[in-house]
Amino acid sequence: MIGRRCLSKFQPMRQWATRFSVAFSIILVLLGILFFTNQDSILLGWVGRYWPEDLHEWLTGWESGDQVRQSLNTL
Numbered sequence: 001m002i003g004r005r006c007l008s009k010f011q012p013m014r015q016w017a018t019r020f021s022v023a024f025s026i027i028l029v030l031l032g033i034l035f036f037t038n039q040d041s042i043l044l045g046w047v048g049r050y051w052p053e054d055l056h057e058w059l060t061g062w063e064s065g066d067q068v069r070q071s072l073n074t075l
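The letter at position 11 of the sequence shown is residue 11 when you use the numbering used here, and the numbering goes up by one with no holes.
Hint data in this document are derived by calculation from the structure and do not stem from the laboratory. Treat the hints with caution; some may be incorrect.
Have a look at the derived ranges for each label pair, beta carbon to beta carbon [what the hints assert, rightly or not]: (1) Pro12 with Phe35: 32 to 40 Å; (2) Thr18 with Asn73: 32 to 40 Å; (3) Val22 with Gln70: 40 to 48 Å; (4) Gln70 with Met13: 52 to 60 Å; (5) Phe24 with Asn73: 39 to 47 Å; (6) Gly32 with Pro12: 25 to 33 Å; (7) Thr74 with Arg14: 57 to 65 Å; (8) Leu31 with Gln70: 26 to 34 Å; (9) Asn73 with Leu34: 26 to 34 Å; (10) Asn73 with Leu30: 29 to 37 Å; (11) Pro12 with Gln70: 54 to 62 Å; (12) Gln70 with Leu28: 27 to 35 Å; (13) Trp16 with Gln70: 45 to 53 Å.
C-beta: ideal position from N, C-alpha, C; glycine also.
Please work from the sequences and hints to get the whole structure.
Encoded structure:
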């Protein structure tokens, strides 16, 4: 009896924790897509206009499409 009453008190907290973990997971996935995909990808094409080249290369290790085109044009 006492255990059931105690568990019913924590039921709303369990629901809140589940909602928080789902929201946190979605945010992490979106941030992962934002930072670890190539700048010229379809998903992030609109970000590429405002995305600093050096920051992108530093965060991802990938050269942007413009830098690759420039290096190919100089060959």
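These are the hints, each one checked on the structure:
1. At roughly 35 Å, the beta-carbon separation of Pro12 and Phe35 lies within the given 32 to 40 Å, and the hint holds.
2. With their beta carbons about 53 Å apart, Thr18 and Asn73 fall outside the hinted range of 32 to 40 Å.
3. A hinted range of 40 to 48 Å for the beta carbons of Val22 and Gln70 is consistent with their spacing of about 43 Å.
4. A hinted range of 52 to 60 Å holds for the C-beta pair Gln70 and Met13, which are about 55 Å apart.
5. Taken as a hint, the range 39 to 47 Å holds for the pair Phe24 and Asn73, whose Cβ atoms sit roughly 44 Å apart.
6. Here the CB-CB span from Gly32 to Pro12 is close to 30 Å, well matched to the stated 25 to 33 Å.
7. Between Thr74 and Arg14 the Cβ separation comes to about 60 Å, which falls inside the hinted range of 57 to 65 Å.
8. Remark: the range hint 26 to 34 Å for Leu31 to Gln70 is upheld by a beta-carbon distance near 29 Å.
9. The beta-carbon spacing between Asn73 and Leu34, approximately 29 Å, falls within the hinted interval of 26 to 34 Å.
10. The given range of 29 to 37 Å is respected by Asn73 and Leu30, whose C-beta atoms sit roughly 34 Å from each other.
11. Range check, Pro12 to Gln70: about 57 Å between beta-carbon atoms, so the 54 to 62 Å window is met.
12. Taken as a hint, the range 27 to 35 Å holds for the pair Gln70 and Leu28, whose Cβ atoms sit roughly 34 Å apart.
13. At roughly 51 Å, the beta-carbon separation of Trp16 and Gln70 lies within the given 45 to 53 Å, and the hint holds.
In this structure, only the earlier hint numbered 2 is contradicted, and the remaining ones agree with it.
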